[in-house]
Structures are given as structure tokens and as C-alpha cells.
Amino acid sequence: MKPRDISVRIGPEVFQNPVFIASGICGYGDEFESLVDMRRLGAIVTKTITLRPRAGNPPPRIHELPTGALNSIGLENVGFDAYLEEKLPALREKGVPAVVSIAAESAAEFETIADRLGEREGFKGVEINLSCPNVNEEALDHGRNPAFVEKITRVVKDRLPSKAVLVKITPNVTDIGAVARAAEAGGADGISAINTVLGVDFDLDTGRPIFYRGSGGYSGPGILPIALQKVWEVARAVSIAVVGIGGISSVDDARKFFIAGASAVQVGTAFWQDPELPERIVDAFADHPEWMRKGPY
Amino acid sequence: MTAPRLAATAVPGRFEAPLVERVDLSGRYFLMVLGRPLGFPEPSPGAFVHILPPPSGRFFLRRPLSILDCDERSISLVIVEKGPGTRALRRLSIGESLDLIGPLGTSFPPLPGRRILAIAGGVGLAPLYFYGKRRAAGACSGYRLLYGARTRDDLFLDRFEWSCDNAGFATDDGSHGFAGNVVEMAKREIEGGEYDAVFSCGPGPMLRAAADLARSAGLPHYVSLENRMGCGMGACRSCVVPTIGVNGEARETVCRDGPVFDADRLAWDKLPDV
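Those protein sequence lines, which keep their order, are chains A and B.
Counting with the working numbering, you get residues 1 to 297 for the letters of the first sequence.
Counting with the working numbering, you get residues 298 to 571 for the letters of the second sequence.
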């Protein structure tokens, strides 16, 4: 049987299928290569890169809960130079479709990153991470401020007109539609929703939070209904593509995001438990391209 | 100078492994013997498997467990029951299968011609016992394993084949072997005997004491660390520890850059006790 077309267009780019791996889950793509053929996926979103390397947060950084996990990694990354020199060329050589996740402490830094990315090839798009809950710098959590979101999106999109520009937004707001509309106004090709849900847990022996920074980001099956709700809201607020993320641990979970209005999905922390899950979703959608139709059946 | 990185020796895969035998050792300790899945790569001593506790859907993160022994037919693990995940592992029925990824991580290096003193505490016994069994492969010229526990019951004397050159035991209550701390025992042996290297695996304070001992004796030291892990593959950066890299302070993952490190590579002054 001829393989069916399940490609998806996001802005100027076409992805071979609508199944991505979320940022922070599979590092820079090489770590899981003995278990997963990343070339079969729509894209992998690499670990968020900042202009300078970041050390990340003190331990512990991960805490299991009954329906997921809290993390407080703190955007540890190799920095933009090492990413451009080592990580991106390796992905290109292997033929892994990549989306580059970026964060910055100021608009000027976003400009620098986008300018330099504009000189490179070997990636399909960028995802502007305006929603990491695990850092202190104010700019990094400005994702709650629609005016800032619009400004940063424009800074990046103006410099990368031929790439898919996604904006990853936080669920930790009252009106997620307003933030999504701001990204659309800034020229975004798509909205990635959601990042982790702000959460905290306490150590009963010490009476203190588990994490050094107190709160962390909650992910896993427990956030699926929250993510579906937010994607549903975002899809009604904007006319650009929505990439659904949050709590996917089965093919059926992925299907629900399309009903909510998503054009593509990203698998998050469940990947660590079930590394074949993204490929299984690809295969299932290839058998049922009709599942990609948005909205109720 | 920066101590060299160790490299993983196997390419990990994902497997289903059936429980063949479970033995309650003492207190919270138990032994699991799994059927070795077809195609499971040959693990080196120090490598671990990342196991998802049953039942499916109940636990979200895998648990890293060091390999105690591995032959053509089986993989053995010694586990301490710490929480719901390890409790679920203990309750697994014979014949039921576990979802595991492995073998993962670095291993204790072969040191041909060297005499090694290995210091183990608790479930830290696993990689060092495994190394002792593999000694037949000529990994070193002498291997003495010192194992410390609270009491005689926690030494599992009747359960394991102590097939190393020889093994020594220390108990906190003096019920068997050396009365006192296993690192104290190691100190006396290093002063009296002739050793070329130290291996260690066990609780954080024990590892720190072993590192101090090896440093003062001027011996190379390889240490296996434990940490909470997310992915187990080096991607998520949940399990990093402070190390000394070429450009100064660095962070390396226990899951992929470890669990076995050259002790000189670790930034001990910044390392939290596990």
C-alpha cells in the first residue's frame, strides 16, 4: 500500500508528519539514537538553547508524582556557540528534522540568536520558549505579557522568514488566548501549547519544598485535560497552527489534541518511559489520516 | 589536569525481561533474577538497567538499578525497598515481565596488572560483586572486595558466591568481620597491604570517605554514583553532578557520563551527598 500523506504545513515549512518530540525530552537528538529513529518523526524540538551556556538549577531536579513528574532543570544547556558548532550539524548530517528551541534574557539576545540562525541551514523551524517556569530572569518568564510576546515574536520572525516560527506559551495564565493572539500578531506561524504547569511539592521531613527553587514544572498524564483545555482555547483564539503538547502517553491522547484544534502534537515526558510512542503515533496516523482533521467529527 | 571521561561499553536497547526468581535477603533488601532477553548486550560491571515498575500506568519514571550479575540466561539485581516503586518490584509475580532499558552507563575499567581494593556499602555491592566475578577475564591482577553493613544479616553471606580473590566484611555492630565502618577497614588494609587502585560504591558519606582515603594514599579511585533520573539516556539533565572539565567547573550526567567516574573528575567540594 502506498504510504499516505500525513504531512503538515506550518507557515513556510512542511513537516513530513504531525508528531514531534517536545523540547527538553530528547536533548540534542543524539542521546536516544540507539532506541529511536528520529528521522521518522515530524521533527524533534531540541533542548532550549540560550546565548551563553547555563548551569541549570541545583539538585534535585526531578520528582515523581502519581500521574507525572515535577522538574526543575533550569534550562541547563551547552550555549548557542556549541549548539551551532556541534549539535545542529550532527542533526543535519543524520537527516533528523529539527526545530531549534531558543530562549533569551532580552530582546537584544533574541535578535543575536535569530540573526545567527538565519545564516544557517539544517533546521526546519524555531520554537521560542517564552514559558519555562524554572528560571529567575524576568525576561524568561515574560511569556505572560502579551506585548512582550508580540515584540519577541516579531524580532525572531523578521530574521527567519523562511522558517516555521513557533511560540511556546505557558498555561500559567488566566487568558491564554490573549498571549496566543499576541504571538500571531507578531508573525508567528504556530503556537506550541502547553509548557509545564507550575507546581510544588513539599518534603514532610523538612517542611520545605522538594526543589531548591520551590516550584517546578509539572508534566505527564496528569496534565492532559489541562493541555487539551488550553489548546482548545488557543485554537479558537488564533488562525495559525497550534501544536498540542501535554500529557500525551498514547495514540488516543494524541488524537484528542486534533479534535481540540491542533495541527500537530509533541510527545513529552512519556517518551522516557515509552521511547517508541512517537513512532507508534506516526504509524497510527499514517493508517488513519482522517484523524488529522481538526475539530469534532 | 582533567581526569579522563569513561565511556559506556554497550549500546542500550529496550527489552521485556521475565522475573525468574525473587529472594528476600534481609529487611528491605531483595534479589531479583530476570530472564536475559534475546539480544540483551553484554553488560560490563558498573552498568545499570532502567526499569519501569509494574503495573503499566502506575509509575511514571523508570528506576535505575545496577547489575549484580549477568550470564547467558539471567540478569540479577539486588534492590533495597525504598518507596512505592521498589515495593511494586518486590511484589512482582514469577513469570511476569518487566520493561527495561539497558545496559546503560559507564563501567569500572579493567586495570590489567593492578591490585584493586573495592569498597562497597548496601546495594553498592552490585557492580563491585559483578566486577569480582568477571575477574576471571583478567581485568586485574588482584581484587579484594570489602563489604560493609549494619549487621551480619545484611551481608547475605549464604546467598552470594564470594568468588573474588577474597572478600572482607565489616559490620557496624561487630557481629561479623571487622567491627566498624568499612572505610576504616579499607584504611587498615591499604596501610598494610599493597594496592594500586580503589573502587567504591555505596552511600554518599561512604564514597566521600573512600575518596579521602584514596587521595591520601595516592591511589587512583573509581566511584559509582547514584542519583534520581529522568530519561536515563543523558538527555534531560536531571541527574547531573558537578565535575571538573577542561574549562573548569562542569556538570555531567550520572546516567550517561556515569554512573562510574574517575574520582578525580568529580568536584567533591560541590557534590551533594546522595
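In short, the hints are calculated from the structure, not lab data.
Small disclaimer: the values here were computed from a predicted structure and weren't measured.
A portion of the hints provided could be inaccurate.
[To be verified] Rough simulated footprint, nothing fancy, chain B against chain A, three-plus residues with beta-carbon under 8 Å:
hint : region
1    : 5–17
2    : 32–38
3    : 273–285
[As the list claims (entries may be wrong)] Pairwise CB distance ranges, derived in the manner of DEER restraints:
hint : chain 1 : residue 1 : chain 2 : residue 2 : range
4    : A       : Asp-205   : B       : Ser-438   : 45 to 53 Å
5    : B       : Val-308   : A       : Ala-286   : 22 to 30 Å
6    : B       : Lys-379   : A       : Val-200   : 17 to 25 Å
7    : B       : Gly-410   : A       : Asp-205   : 34 to 42 Å
8    : B       : Asp-450   : A       : Ala-90    : 49 to 57 Å
9    : A       : Ala-107   : B       : Asp-469   : 57 to 65 Å
Each residue gets a CB set at the ideal place from its N, CA and C atoms; glycine is no exception.
Taking the hints in turn, this is what the structure says about them:
1. 5–17: violated (count 0)
2. 32–38: holds (count 3)
3. 273–285: holds (count 3)
4. A:Asp-205 <-> B:Ser-438: 45 to 53 Å: holds, 46 Å
5. B:Val-308 <-> A:Ala-286: 22 to 30 Å: holds, 28 Å
6. B:Lys-379 <-> A:Val-200: 17 to 25 Å: holds, 22 Å
7. B:Gly-410 <-> A:Asp-205: 34 to 42 Å: violated, 48 Å
8. B:Asp-450 <-> A:Ala-90: 49 to 57 Å: At roughly 51 Å between Cβ atoms, A:Ala-90 and B:Asp-450 fall inside 49 to 57 Å, so the hint holds.
9. A:Ala-107 <-> B:Asp-469: 57 to 65 Å: holds, 60 Å
Consistency note: the structure conflicts with the earlier hints numbered 1 and 7.
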